[in-house]
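Trainee: Assemble the complex: chain A is given as a structure, and chain B must be docked to it using the hints.
Just so you know, the sequences run in chain order A and B. First residue of the first sequence? That's 6 in this note's numbering, and the numbers climb one at a time after it. First residue of the second sequence? That's 6 in this note's numbering, and the numbers climb one at a time after it.
Calculated directly from the structure, the hints in this document are not laboratory data.
If chains are identical, the list can't say which one is meant, so a pair holds when it fits in one copy or spans any two.
Okay, derived cross-link-like pairs now, BS3-like style, lysine-lysine, Cα gap no bigger than 27 Å in a straight line:
#1 150 <-> 204
#2 48 <-> 58
#3 204 <-> 85
Because the structure is a prediction, the values reported are computed rather than measured.
Protein chains: 2
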Amino acid sequence: MARIRRSEQTREALIEEGIRQLAAYGYHGTGIKQILDAVRVPKGSFYNYFESKEAFVAEIVRSYSEQGLSQLDDYLGSEKGLGPVEKLKAIYRYILEQHADVGQTQRGCLIGSLAAEIGSSSAICQRALIEAFSGWQQRLTALFKAAQDARQVRCDLSADDMATLFWSAWEGSLMRMKMEGSVRAPEHMIELLLDTVFKR
Amino acid sequence: MARIRRSEQTREALIEEGIRQLAAYGYHGTGIKQILDAVRVPKGSFYNYFESKEAFVAEIVRSYSEQGLSQLDDYLGSEKGLGPVEKLKAIYRYILEQHADVGQTQRGCLIGSLAAEIGSSSAICQRALIEAFSGWQQRLTALFKAAQDARQVRCDLSADDMATLFWSAWEGSLMRMKMEGSVRAPEHMIELLLDTVFKR
Numbered sequence: 006m007a008r009i010r011r012s013e014q015t016r017e018a019l020i021e022e023g024i025r026q027l028a029a030y031g032y033h034g035t036g037i038k039q040i041l042d043a044v045r046v047p048k049g050s051f052y053n054y055f056e057s058k059e060a061f062v063a064e065i066v067r068s069y070s071e072q073g074l075s076q077l078d079d080y081l082g083s084e085k086g087l088g089p090v091e092k093l094k095a096i097y098r099y100i101l102e103q104h105a106d107v108g109q110t111q112r113g114c115l116i117g118s119l120a121a122e123i124g125s126s127s128a129i130c131q132r133a134l135i136e137a138f139s140g141w142q143q144r145l146t147a148l149f150k151a152a153q154d155a156r157q158v159r160c161d162l163s164a165d166d167m168a169t170l171f172w173s174a175w176e177g178s179l180m181r182m183k184m185e186g187s188v189r190a191p192e193h194m195i196e197l198l199l200d201t202v203f204k205r
Numbered sequence: 006m007a008r009i010r011r012s013e014q015t016r017e018a019l020i021e022e023g024i025r026q027l028a029a030y031g032y033h034g035t036g037i038k039q040i041l042d043a044v045r046v047p048k049g050s051f052y053n054y055f056e057s058k059e060a061f062v063a064e065i066v067r068s069y070s071e072q073g074l075s076q077l078d079d080y081l082g083s084e085k086g087l088g089p090v091e092k093l094k095a096i097y098r099y100i101l102e103q104h105a106d107v108g109q110t111q112r113g114c115l116i117g118s119l120a121a122e123i124g125s126s127s128a129i130c131q132r133a134l135i136e137a138f139s140g141w142q143q144r145l146t147a148l149f150k151a152a153q154d155a156r157q158v159r160c161d162l163s164a165d166d167m168a169t170l171f172w173s174a175w176e177g178s179l180m181r182m183k184m185e186g187s188v189r190a191p192e193h194m195i196e197l198l199l200d201t202v203f204k205r
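One chain only, chain A, in its complex shape (with noise of 0.2 Å):
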């Protein structure tokens, strides 16, 4: 039992290190041997864990996005007081301070940035990507429809249309923070957004 326990900590670490070089460097500047030295893991058994580095990074993607989906749906579940556009308003607030500490601004979105450099080309990673996007696109959706009700936003667009456009303009904007080295870009999508684009 302990040495199951002691392999899946193990496996957890690996994607914990996973997704911090990945954000850092990328999909090709990070290297499996980087991230077992940082976790203390000999070589030889990375292949113990995973099948293959494509095989490793699509587990990494999962992981990221339910992460992230899991505190959205607590955050989600914990405020009832607040509308949902000042929930949106709030979530992207709380994701822009954490990138706006020190250093922060050159990772951006792990979904985005990973479809940017790798896209189609390994299956495995592409169908994790797809899902992770799915799972924002579905909360977003469901939050636009919730405003639309609530009659905080405008109707002449389908909430699907909504969220499609808010997370392209989202991932765009993160490029621009990543080259300009600040959060002002982001920041101010987010306001031109809901505070204009999507009023009624």
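Mentor: This is chain B only, laid out in the frame that chain A set:
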């Protein structure tokens, strides 16, 4: 003279091959050796042409951006008959036709992909990326200003904000294009913005 000309030709060939390989494999996935091999330039002579990999990539960004902007300016100069929104649609239809060719959904926008991958980690690449972004932002702002003057789009957003949103949403939708292996997402985004979101 012949020698200078040959040297200039080799430099240009390296940049063209660099654009091709960077678009396909990203910054960290592109090796100088593979580019030199493709252009049949001996490894030792790379530094006759460029000071470093970073300086080379910055030059690639500038060249890619200048080619795109000069094509854009030629088009805008020649198409006097169309209104600004029709021009925007024609420009992006043309770009999407190129991406729709077999295997080309994996080549997104080099500026956006490099911004997402390397961000501000290299100062000289960062300068080249920001300059490239500014060139597009200026052209887009001028087009949206003209569209406002022609009363083709809403006037409660500044032309600059419209250009910012348009660029970010486009880049974000190219991430989805790469991830999904289909031009459906950016195609839909252009329609959504020009036919609904920005409509008067």
